[in-house]
Amino acid sequence: MKIGLAGLLFGVLFGFTLGWAQLTEQQAIRDMLLLRDPYAFLMMGSGVATAFLGTRLLRWRKARALVDGKPVSWTISAPKKEHVWGSVLFGAGWALALACPGPVTAQLGRGQVGVLLTVAGLISGVALAARFKERKANEAAAVTVPVL
Amino acid sequence: MELFAQRAPWWVAGPLIGLVIVGLLWVANQPLGAVGAYVELHRYFKQPRGVPPWRVFFLGGLILGGLLSALVAGGVHPGLGWQAGWGSEPWFKGAALLAGGTLMGFGARIAGGCTAGHGMCGTSLGSPGSFVATGTFMAAAIAGAHILSWVTA
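Taken in sequence, the protein lines are chains G and B.
FYI, my numbering numbers position 74 of the first sequence as 74, with every residue one higher than the one before it.
Just so we're on the same page, my numbering is the position in the second sequence counted from 1, plus 148.
Heads up, a few of these hints could be off.
Now the stretches of chain G that chain B is said to cover, found in silico as 3 or more residues with beta-carbon under 8 Å [said to hold, decoys possible]: (1) 41–51; (2) 66–72; (3) 76–82; (4) 85–97; (5) 119–128; (6) 134–143.
Worth flagging that the hints you see were computed from the coordinates, not collected in a lab.
We treat Cβ as the ideally placed atom computed from N, Cα and C, and that holds for glycine.
Produce the complete structure using the sequences and hints provided.
Dropping the structure here:
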């Protein structure tokens, strides 16, 4: 339950900041992607720099998570082809919808009900990908069975 | 409030989101991500058992945070929110949102993250896969927007 509360709290802070930064406006994303306004890139860059410093500090101080006392840790991933072709589709979808998954959720709270279409798309896309991955896993299993 | 009616300077908004990444790791030992929350939501829809996963609460928080940002900036002004979308016909603007959402959901689930998860969280943690994903979706989105701007002009 504690972790749910933490999720809610950080969700509020994230959603509030996206709204205040007006990244919940299609026009802002249009200006970003058409390279007319550096705002969103500068915001992302300064955010990454802050998070880089903060997370190194956590690691250096050997911080423990407040909800369960376990050491703060994270995993990183080596580049895979899924990072590339998945992101090509994601980028195309982002350009079409002019809002990515975080801001679009905050837009709901700002009363922009048209984006329910984007949200419906997100959920069906996620569901389709789950089925796709399942089928791939089954195919891989079918191939490895004779070897065993 | 005057302060919140104006767009936050990038050097305020960016570090605030950076602090969300640090805070989530410190408090909950979890990486930030938006599309992951939709993955959890979909799983929970299929098998609603017990307390929803924390990322579902995170989604609720995002909606509340958006609402709060509108309230302090002078109130909620309900609308469709797609006026600045591509094309001039309403059906086209709506279809672009639905198609865009589907592509984003599918693509980010395959790539393992979105603008928040790979673009901000994964890169700040130094994950090579996140750098590849971010470079790819930025290039695809910038190219896509230029093509859409040209086609719908």
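Taking the hints in turn, this is what the structure says about them:
1. 41–51: holds (count 10)
2. 66–72: holds (count 5)
3. 76–82: Since three or more residues must qualify, the claim that chain B covers the stretch 76–82 of chain G holds, with 6 doing so at under 8 Å.
4. 85–97: holds (count 13)
5. 119–128: Since 10 is at least three, the answer is holds.
6. 134–143: violated (count 0)
Hint compliance for this structure: hint 6 alone is broken.
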